[in-house]
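Construct the entire structure; sequences and hints are all you get.
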Amino acid sequence: MEKVGKSRRRFIKAVAFVIASVSLLWKFFIPRISEKKPLLRVARADIPASGALVFRKSKVAFVKKGNDVYALSLVCTHLGCTVNVTTRELVCPCHGSIFGLSGEVLKGPSDRPLERLTVEEQGEFFVVVS
Amino acid sequence: MFKDFLEHIFPRLILEKNLRIRYTFCLGGLAFTAFMLLVLSGLLLLFYYQPCPEKAFESILFLESSVPAGRFIRSLHRLASHALLVLIFLHTLRVILTGAYRKPRELNWVIGFFILFSAVFGAYTGYLLPMDQLAFWGTHTGMELIGTAPFGEIAARFLVPDDVGRPVSLLRFYTLHIAVIPLTIAILCFLHFYRIRHDKGVLPYL
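If you read the protein sequences in the order shown, they are chains H and E. Numbering follows our numbering, with no gaps: position 68 of the first sequence is 68. Numbering follows our numbering, with no gaps: position 83 of the second sequence is 83.
Estimated spans, in silico, between C-beta atoms of each pair:
(1) L134/E with G5/H: 52 to 58 Å
(2) M1/E with S34/H: 54 to 60 Å
(3) G152/E with P31/H: 37 to 43 Å
(4) F11/H with A179/E: 33 to 39 Å
Since the hints were derived computationally from the structure, they do not count as laboratory data. The C-beta atom is built at its ideal place from N, Cα and C for all residues, glycine as well.
Put into structure tokens, the structure is as follows:
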């Protein structure tokens with residue numbers, strides 16, 4: 001049999017190895033940069049002095065307590081239903097969890113308070129960022 | 001002199017008996033492999049770590065959450081550091097049990113001791129860098145410990161000029177961890193390998 005040089009095979013293997021490792025390294029060097037998108041824009045004047053301003057579609061409620069304005073996520077921390085907002089508490093229709101207006105748990109089965117979303121003040125507007 | 005060094009690092013031939021695995025278990029070689037793994041993974045971590053107290057922990061959270069394989073590389077670095085220490089200690093034990101520290105290999109025993117010391121010190125300086133609670137208090141107690149040793153006050157003042165977890169001391173631990181100690185270990189290792197070949201391998205104990 002004719003003697004075949006192994007150098008070409010070795011060269012192809014080396015090239016494949018280099019390409020594979022460079023592409024893996026390239027992935028490592030490109031991090032996922034999370035860009036903060038404004039989810040909701042609310043005028044300061046629209047928020048009622050007591051109670052909450054509810055956005056059912058984006059599942060956010062703005063609550064004003066004294067001078068403090070915060071946004072509560074309306075996703076129940078039990079199994080993810082959208083909670084109903086009453087004047088004094090937030091009630092989940094699915095399994096009856098009840099949360100206070102600050103998001104704290106008043107009655108189970110949920111065991112974690114409602115998530116608070118980050119609110120940024122931009123002049124006359126409050127902006128919720130995700 | 002340099003040619004002599006290279007010829008010992010890359011010899012033309014090696015005695016087959018010197019490669020018998022059941023005598024050395026290649027513990028030193030495995031330790032050096034762990035060291036090379038540490039250098040490589042550490043080099044990748046450098047691209048994301050920020051050595052200032054406010055940013056350090058944040059940058060690690062970013063590395064773990066947003067960088068592909070970031071958590072893997074960091075875990076690899078941590079595990080390899082554990083492996084390095086374990087392997088070096090086992091290697092030292094092997095050298096003691098086979099009597100390889102005796103004449104004519106005393107110098108290599110001393111070099112090996114300094115490698116061991118540098119590896120422990122390297123692991124310790126890496127401890128502060130994440131700037132979490134474990135790192136902070138671990139370094140805090142460590143500095144108190146060093147202070148009780150002779151000349152410990154001077155060492156502690158060199159390592160921590162302001163206070164544990166403050167900018168200058170973090171930067172100092174960082175510089176030691178990524179530049180001074182790895183370079184020292186690498187130089188000592190090649191000196192170590194040179195001496196092994198120079199003393200004709202692990203013979204005549206075989």
